[in-house]
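Hey, can you work out the whole structure from these sequences and the hints?
Here is how the chains run, residue by residue.
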Amino acid sequence: DQQVKQNSPSLSVQEGRISILNCDYTNSMFDYFLWYKKYPAEGPTFLISISSIKDKNEDGRFTVFLNKSAKHLSLHIVPSQPGDSAVYFCAASDGAGSYQLTFGKGTKLSVIP
Amino acid sequence: EAGVTQFPSHSVIEKGQTVTLRCDPISGHDNLYWYRRVMGKEIKFLLHFVKESKQDESGMPNNRFLAERTGGTYSTLKVQPAELEDSGVYFCASSDGVAGRTGEQFFGPGTRLTVL
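So the sequence lines, in the order shown, correspond to chains A and W.
So the first sequence is numbered by this note's numbering: it starts at 1 and just counts up by one.
So the second sequence is numbered by this note's numbering: it starts at 1001 and just counts up by one.
Calculated from the structure, these hints are not laboratory results.
Warning: the hint list may mix true and false statements.
With beta-carbon atoms standing in for the labels, derived distance ranges [to be verified]: (1) W:1068 / A:16: 32 to 38 Å; (2) A:39 / W:1083: 27 to 33 Å; (3) A:31 / W:1017: 37 to 43 Å.
By construction, the Cβ of each residue, glycine as well, lies at the ideal position given by its N, Cα and C atoms.
So, in structure tokens, the structure goes:
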């Protein structure tokens, strides 16, 4: 049973517009949520994270929003650039004793010039 | 600073053979993790080392998989004997203690394993 779900396998956005990637989770014990970006033939690269005690975290063009009551988070990229084209993974950690990350299946973002 | 490195980048073996994957973490990172991504599915946790000790091996699929981290530096993941369902990309990641707590892990490029 998937604890972290990314229901959109792919997303296409025009350059300069906003990209919104969504993620849902079921485990209420998760206390950190992260977004990783992955290019082909490379490993995932950490992008941005948010603690469960916050509802927003911003880093440059990237903002993550967390809605704990809905068990939902989203990543906003604005403005989107062609170099943002990659697979984005949502991940979560419960941090209690294990540092393991639970990942979603990923969303492939294509930013069209 | 060198990132996480993995060797080999690709491995093609026949069912029943043995394969050993190697991971060199970022220098100074006590935490080392193995993950696996089977085609079309999510990246799944296999195990977590703190230095040379196995902290969490709850994700290891069965006893055909053996991970070691002698001396607390590099790690190996051996699959013996390999089965068709073991095919996938095996990622290694590392982190220091603080980053590990918040989930920020540094991933290697992965080893693509194909079992025929």
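- Message: Please list, smallest to largest, the hint numbers that this structure does not respect.
- Response: Number 1 only.
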